[in-house]
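Novice: Sequence:
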Amino acid sequence: MADGARVLVVDDEPQLLRALRINLRARGFDVTTAATGAAALAAAAKTNPQVVVLDLGLPDMDGFEVLAGLRGWTNVPVIVLSARGEAVDKVAALDAGADDYVTKPFGMEEFVARLRAAIRRGAGLSGEATAENPVVSAGSFTVDLGAKQVTRNGERIHLTPTEWGVLEMLVRNEGKLVGQREILTGVWGPTYTGQSNYLRVYLASLRRKLEEDPAHPRHLLTEAGMGYRFVRE
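Read in order, the letters of the sequence shown correspond to residues 308 to 540 in my numbering.
Note that these hints are calculated values from the structure, not bench results. Any given hint could be a false lead.
Distance condition first, Cα-Cα at most 25 Å in a straight line; then the derived SDA-like pairs of lysine to any residue [said to hold, decoys possible]:
#	residue 1	residue 2
1	Lys516	Lys411
2	Lys516	Val538
3	Lys483	Glu540
4	Lys516	Val395
5	Lys455	Val538
6	Lys353	Asn330
7	Lys483	Ser444
8	Lys483	Val443
9	Lys411	Ala522
10	Lys516	Asn440
11	Lys411	Thr340
12	Lys411	Lys483
13	Lys353	Pro321
14	Lys516	Arg459
15	Lys353	Arg423
16	Lys483	His523
17	Lys353	Glu372
18	Lys411	Leu323
19	Lys455	Val395
20	Lys516	Glu489
21	Lys455	Lys411
This one's a predicted model, so the numbers in the text were calculated from it and none came from an experiment.
Produce the complete structure using the sequences and hints provided.
Specialist: See the structure below:
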């Protein structure tokens, strides 16, 4: 499903950049590379990538700064690529707006699968309204499943593709318990069923953006050890 999908790879290791460029182009991706944070932000603005692969350890600025710079104007899926493998690093990256986290060293086939999944999530934000895509209101926020937009108190709320994927799955199953494995498989893919920390981070982010009192949510509810549920009231 590459079909010339635009990928921006940001890393300061020349050998890794070269290996990813060769492997991804061989699989049909349109690859742009950058070795610094400044070059990455410039390349993102110029090429409008469909997914960004971002190393956290860059020579001119921290990868989190690059991520913040991207999130200031684009919801492009971002896969963090890092040698930092601790859970706290993964949670920090997801909380900052990353969509996935790959630890070095990694297998190319799994990496490409994650890349394709991220592109699918990004594509999932485009769609047209139909009778099967209603507008759902809950408290102060409204979810338009057709336009794939969320507003709160009349103001449009910016969601990343992954945030939208989680919210859409819950809203489309209104009132029903949606299991952790079901959400992880539906939004990220079948290789993510053990990544429950991803869900905790993204539900916390959605609550901050949508709930009146994120610490005591009324609409995006947790069923401890089982999954999550969306209710209007």
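Novice: Okay, which hints does this one fail, numbers in order?
Specialist: 1, 9, 12, 19 and 21
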